[in-house]
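Asker: The lines below spell out each chain.
Protein chains: 2
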Amino acid sequence: MNKNKPQIKKTKRTTLNRFPNRGQYDTDTIYSILDSALICHIAYVYKDEPRIIPTAFARIENDLFIHGSRVAGNIKALASGIMASISITRLDGLVLARSGFNHSMNYRSVIIHGTGTKVENNEEKFSILNVFIDHLIPGRSDDGLKPISEQDLIDTTVIRYPLNEMSAKIRTGHPNDEDEDYNLPVWAGVIPILRQFGEPITDPKMRHSTPAPDYVKNYHK
Amino acid sequence: MNKNKPQIKKTKRTTLNRFPNRGQYDTDTIYSILDSALICHIAYVYKDEPRIIPTAFARIENDLFIHGSRVAGNIKALASGIMASISITRLDGLVLARSGFNHSMNYRSVIIHGTGTKVENNEEKFSILNVFIDHLIPGRSDDGLKPISEQDLIDTTVIRYPLNEMSAKIRTGHPNDEDEDYNLPVWAGVIPILRQFGEPITDPKMRHSTPAPDYVKNYHK
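Going down the list, the protein sequences come from chains W and S.
Residue numbering for the first sequence follows our numbering, starting at 1 and increasing by one per position.
Residue numbering for the second sequence follows our numbering, starting at 1 and increasing by one per position.
Among the hints, erroneous ones may be present.
Because identical chains share one entry, a pair is satisfied inside a single copy or across any pair of copies.
[Said to hold, decoys possible] Capping the alpha-carbon separation at 30 angstroms, the derived lysine-lysine pairs in DSS-like fashion look like this:
#, residue 1, residue 2
1, LYS217, LYS169
2, LYS146, LYS76
3, LYS205, LYS12
4, LYS76, LYS217
5, LYS169, LYS9
6, LYS12, LYS217
7, LYS217, LYS118
8, LYS169, LYS12
9, LYS221, LYS9
10, LYS47, LYS9
11, LYS205, LYS9
12, LYS221, LYS169
If you are wondering where the hints come from, they were derived from the structure by calculation, not from laboratory data.
Same shape as in the complex, but just chain W:
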């Protein structure tokens, strides 16, 4: 799994002041949230203004990578060596309490702070871009695709964020109400939020009858 765990700096930015018992700072917890997620949101500063983008990502060991078109404005900004704040959020449930105020959500959330650097080496880029595909769909990159080309590598910017300043925040379980409110005759509990995957839909433009492979039919994450 992860043999060389990084030293995680617990900084002012990553230390939870509110609900400190929801804070988690160990890499196993954080990486399991990252590896279960499909996208992240990245915040950065552009001409003194906040900017945000949702984007795919992949973790490799103790780095998180994003990628995008070499000519996209947000990718150009992020690749210029500026700081970013990255959020990965999984929602797990709606928490219905006895008081309006105590309604909440169950979630697993990771915030990462770091400065991006462009991956310049083409061999490394090639391998990272294949991990991107497999982060989303394990087994896909090795299934006879047209490989990523020299031109794709030129057209694509890959940015690395070292995973050394981050924290997770997790809420699980039932509502926490004031003792006297438990007498109110209202239903309380959790509605689970599930991320599921539907039956694969074959591209009608397929020119042959290759069936959906097992990694597609049994897709989960």
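Let chain W serve as the given structure and place chain S on it in line with the hints.
Answerer: What follows is chain S alone, placed relative to chain W:
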């Protein structure tokens, strides 16, 4: 629905340069994405650094509201009248192409730019906080809960963002591959991503046997 649609400014920040055909600027499209979502991500600038938080939100007419503890650092910063960039993202599918490069995701994404202002009027706050509950769980605020109290209103900061500078970006459908790649004998298509809700889990601490109401049993969003 929305009788008074705002004039949406199409600005440099909200105009899509990449894939301009994926851009949508009409309120009906944007509001339907907002109203189907459970959380947003907010980016802001704090001491020249980017910050990001995931948080619940609610739309009322042409405003988006967030709320949080009066003493939380991020809420204090956001309530101080600074600019924010807000992202709401729904993922709809994994798009498996014939080339590694053309793999993609289907999604509905909204980005909003705006400056937050604190809601000061307590009556307005009370009504907004109830809409928050109903944005997440329609029908809930009126089901015999302990109402939001004067103290809750003091403890909670509510921030308003006017919805007048925003855009949606939407991708749907199958992969777009190069013509010659359609001959590759590899399965291509879409794995749908579904957000579903599990059977409600009753709080074991309930002191009575009020059954789960219909708006919980039939919950969807």
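Asker: Against this structure, judge whether each hint is valid.
Answerer: Verification of the hints:
In this assembly of identical chains, LYS217 and LYS169 lie within 30 angstroms of each other by CA distance solely across copies; the values are 28 angstroms between and 33 angstroms within a copy. Proximity of LYS146 and LYS76 under a CA criterion of 30 angstroms is satisfied intra-copy only: 27 angstroms inside one chain copy versus 51 angstroms between copies. Taking the shortest alpha-carbon separations for LYS205 and LYS12, neither the intra-copy value of 53 angstroms nor the inter-copy value of 37 angstroms comes in at or below 30 angstroms. In this assembly of identical chains, LYS76 and LYS217 lie within 30 angstroms of each other by CA distance neither inside one copy nor across copies; the values are 37 angstroms within and 47 angstroms between.
For a Cα distance limit of 30 angstroms, the shortest separation of LYS169 from LYS9 inside one copy, 16 angstroms, qualifies, whereas the shortest one across copies, 36 angstroms, does not. For the homomeric pair LYS12 and LYS217, neither the shortest alpha-carbon distance inside one copy (45 angstroms) nor that between copies (42 angstroms) is at most 30 angstroms. For a Cα distance limit of 30 angstroms, the shortest separation of LYS217 from LYS118 qualifies neither inside one copy, at 35 angstroms, nor across copies, at 49 angstroms. Within a single copy, LYS169 and LYS12 get their C-alpha atoms as close as 15 angstroms, which meets the 30 angstroms cut-off; across copies the closest is 35 angstroms, which misses it.
In this assembly of identical chains, LYS221 and LYS9 lie within 30 angstroms of each other by CA distance solely inside one copy; the values are 29 angstroms within and 39 angstroms between copies. Proximity of LYS47 and LYS9 under a CA criterion of 30 angstroms is satisfied in both settings, with 28 angstroms inside one chain copy and 20 angstroms between copies. In this homomeric assembly, LYS205 and LYS9 never come within 30 angstroms of each other (Cα to Cα): the closest approach is 50 angstroms inside a single copy and 39 angstroms across copies. Proximity of LYS221 and LYS169 under a CA criterion of 30 angstroms is satisfied in both settings, with 20 angstroms inside one chain copy and 25 angstroms between copies.
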